[in-house]
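Asks: Produce the entire structure from the sequences given, and follow the hints as far as they go.
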Amino acid sequence: MPSNLLTATIALVADTFREALARKIFWGFLLCSTAFILFFIFIMKIDVVAGALATVTIFGRTNDTQEIGQLVKNVQRGLGGFLYTVGMFLAVFASAGLISAVFEPGRIELLLSKPVARVHILLGRYLGNLLVIAINLFYLVVGVWLVFGIKVGIWGIGFLWSAVVTLFVFSVLLTIILLIGVIWESTAVTVLGTFGIMILSGVLSTHTQLIKLLSSETSRNVVRTLYYIFPKTVDIGKIAGELSAGGGVGDWMPIWTTALFGLTMLSLSIYIFARRNF
Amino acid sequence: MTDAYAIETEGLTKVFRTRFPAREFKAVDAISLRVPRGTTFGLLGPNGAGKTTFVKMLLSATHPSAGRAKLFGQDCRVPEARRPIGYLPENHRFPTYMTGANMLDFYGALSGLESTARRRRIPELLALVGLEKWGGTRLGKYSKGMLQRVGLAQAMMHSPDLLILDEPSDGVDPIGRREIRDILQALEQKGVTIFLNSHLLVEVELFCREVAIIQNGRVALEGTVKELTAGSGYRVEAEGVPEALQTELRATARSVAARDGALQFLFAGRGEANRAIDLLRSQQIEVESVQRATSTLEEVFVRTINAK
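Here the protein sequences line up with chains P and V, keeping their order.
Each step along the first sequence adds one to the number in the numbering used here, with nothing skipped, and position 152 is 152.
For the numbering used here, add 1000 to where a residue sits in the second sequence, where the first one is 1.
It should be emphasised that the hints constitute simulated quantities derived from the structure, not laboratory data.
There's no promise every hint is true.
So the derived label-pair ranges between C-beta atoms look like this [to be verified]:
{"no.": "1", "chain 1": "P", "residue 1": "T206", "chain 2": "V", "residue 2": "T1018", "range": "39 to 47 Å"}
{"no.": "2", "chain 1": "V", "residue 1": "N1216", "chain 2": "P", "residue 2": "M253", "range": "55 to 63 Å"}
{"no.": "3", "chain 1": "V", "residue 1": "T1294", "chain 2": "P", "residue 2": "A188", "range": "52 to 60 Å"}
{"no.": "4", "chain 1": "P", "residue 1": "W27", "chain 2": "V", "residue 2": "F1016", "range": "38 to 46 Å"}
{"no.": "5", "chain 1": "V", "residue 1": "F1020", "chain 2": "P", "residue 2": "Y139", "range": "45 to 53 Å"}
{"no.": "6", "chain 1": "P", "residue 1": "K212", "chain 2": "V", "residue 2": "R1017", "range": "17 to 25 Å"}
{"no.": "7", "chain 1": "P", "residue 1": "E104", "chain 2": "V", "residue 2": "G1231", "range": "44 to 52 Å"}
{"no.": "8", "chain 1": "V", "residue 1": "T1018", "chain 2": "P", "residue 2": "L200", "range": "29 to 37 Å"}
{"no.": "9", "chain 1": "P", "residue 1": "F42", "chain 2": "V", "residue 2": "G1171", "range": "53 to 61 Å"}
{"no.": "10", "chain 1": "P", "residue 1": "T206", "chain 2": "V", "residue 2": "G1171", "range": "51 to 59 Å"}
{"no.": "11", "chain 1": "V", "residue 1": "A1022", "chain 2": "P", "residue 2": "F195", "range": "45 to 53 Å"}
{"no.": "12", "chain 1": "V", "residue 1": "Q1185", "chain 2": "P", "residue 2": "W27", "range": "39 to 47 Å"}
Quick reminder that beta carbons are idealized off the backbone N, C-alpha and C, glycines included.
Replies: Take a look at the structure:
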């Protein structure tokens, strides 16, 4: 990459970080993540009873003795599920403002007057936003993984893979945020649109049951087509859960079709942004 | 098109279209303009004349519907063509989470300035615009005038060859305006081309060498300030002119105005003015002054706009 492009990319990414810090998004996420890590360090006590068995004590209340490996998997799976659902919604909510802010009149003209291609400005912001979320996500996941590793000596990397999958799904949702932001320049519309697609994707994940309820073949084909087009957040969530529990990826179709959706959204965003008048 | 011109446009046109309801609005209508390197150029026009759209097309923030624009001989759509340009937008919205120094650093980096050069330029420019003590303060705390100053510093970060300034004195007090004018004059001395888009006609008249007045998206008048403000005729001022002589002079004068007890006769040509002086002197009347008539840029502007 030529040095001018690199300098501009670093500036665009750093600017996204600076804005995230100013909006308290970064600090908010970091604070929550730190609270989780401290909980696992100080509040949740794991006592190895005999060999592979352990008891968990939270706020002085001790649970039944469990198999230690299973216990760690359950906790990590629960946390992964929380990040994949609640964390994802929060990340989308926070990112919508970060993306649409760039298109504010009076700000975008100045950015466009610089010797930087429009695609570069858009991708710089996208990358910066993705990194803000990635740092927070991996801070929490790696932190918890280290706590369990140090406390009970279980170092399975499935939990870390589940974070990669979560980030992948967020990166796809961020392309939706980008596209809606480029078209409407509104945080509210961006949030509603992205949440709408997340909900639709959840509904479409039940397509096998859904098509049984439909009478016409055309409607069934529409549902099947929509299922393949839209991101498969629920299906990939199950994959993330499997990975957390030490399993593998059974079916790659949800991943590659979702990646294809993300690439299409990103290309559309770039195309529309390049043609827009400001 | 050659790079002898900082800005060169040919038939530059912008038509805005809405679908619902179907409407068309021609904001800029086939403007062909040439701004030579090193000059100070003022773009004037009433609100909605198409000035800002024209500037946005130069910067590729708005895409032309027809025609083309070049910056130093390069097609303005190419990002590299914008490297020698510094721009201060009119209704800017600088990110308020940045400090003055952050802002200069960010836009300097986007202009391709390396970090060592940025570190050197930031204090220099903050001092130049009188904000040396405000570099570490967030822009959210800046007054309108301070934002204009830091905006100007931003435009100058990478030592551009062309400065495009949209209402640079907006919100700045008279002293600040004077300082900004001094800064721009110093840049002009260094050969920087300055393209000013301003409503302050006095300021444009004081600073710019060339101007173009646009109305309804078209160039209504273009030329050097000297040419445009040069009036035709001569003004002869005298005191205590007797009634009979007044009547005689009025017959050849284009107009007569009374000012502080004196009479000002405006004659169309040098011959009429000299005959009037001869008449006045033959009756021992003291001639107070003889001047070539000129117009202010404001008068030229109003005449041009009203004529259309």
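Asks: Does each hint hold? Answer for all of them.
Replies: Verification of the supplied hints:
no., hint, in the structure
1, P:T206 / V:T1018: 39 to 47 Å, "holds (41 Å)"
2, V:N1216 / P:M253: 55 to 63 Å, "holds (59 Å)"
3, V:T1294 / P:A188: 52 to 60 Å, "holds (56 Å)"
4, P:W27 / V:F1016: 38 to 46 Å, "holds (42 Å)"
5, V:F1020 / P:Y139: 45 to 53 Å, "holds (48 Å)"
6, P:K212 / V:R1017: 17 to 25 Å, "violated (47 Å)"
7, P:E104 / V:G1231: 44 to 52 Å, "holds (46 Å)"
8, V:T1018 / P:L200: 29 to 37 Å, "holds (30 Å)"
9, P:F42 / V:G1171: 53 to 61 Å, "holds (54 Å)"
10, P:T206 / V:G1171: 51 to 59 Å, "holds (58 Å)"
11, V:A1022 / P:F195: 45 to 53 Å, "violated (33 Å)"
12, V:Q1185 / P:W27: 39 to 47 Å, "holds (46 Å)"
Violated hints for the displayed structure, listed by number in ascending order: 6, 11.
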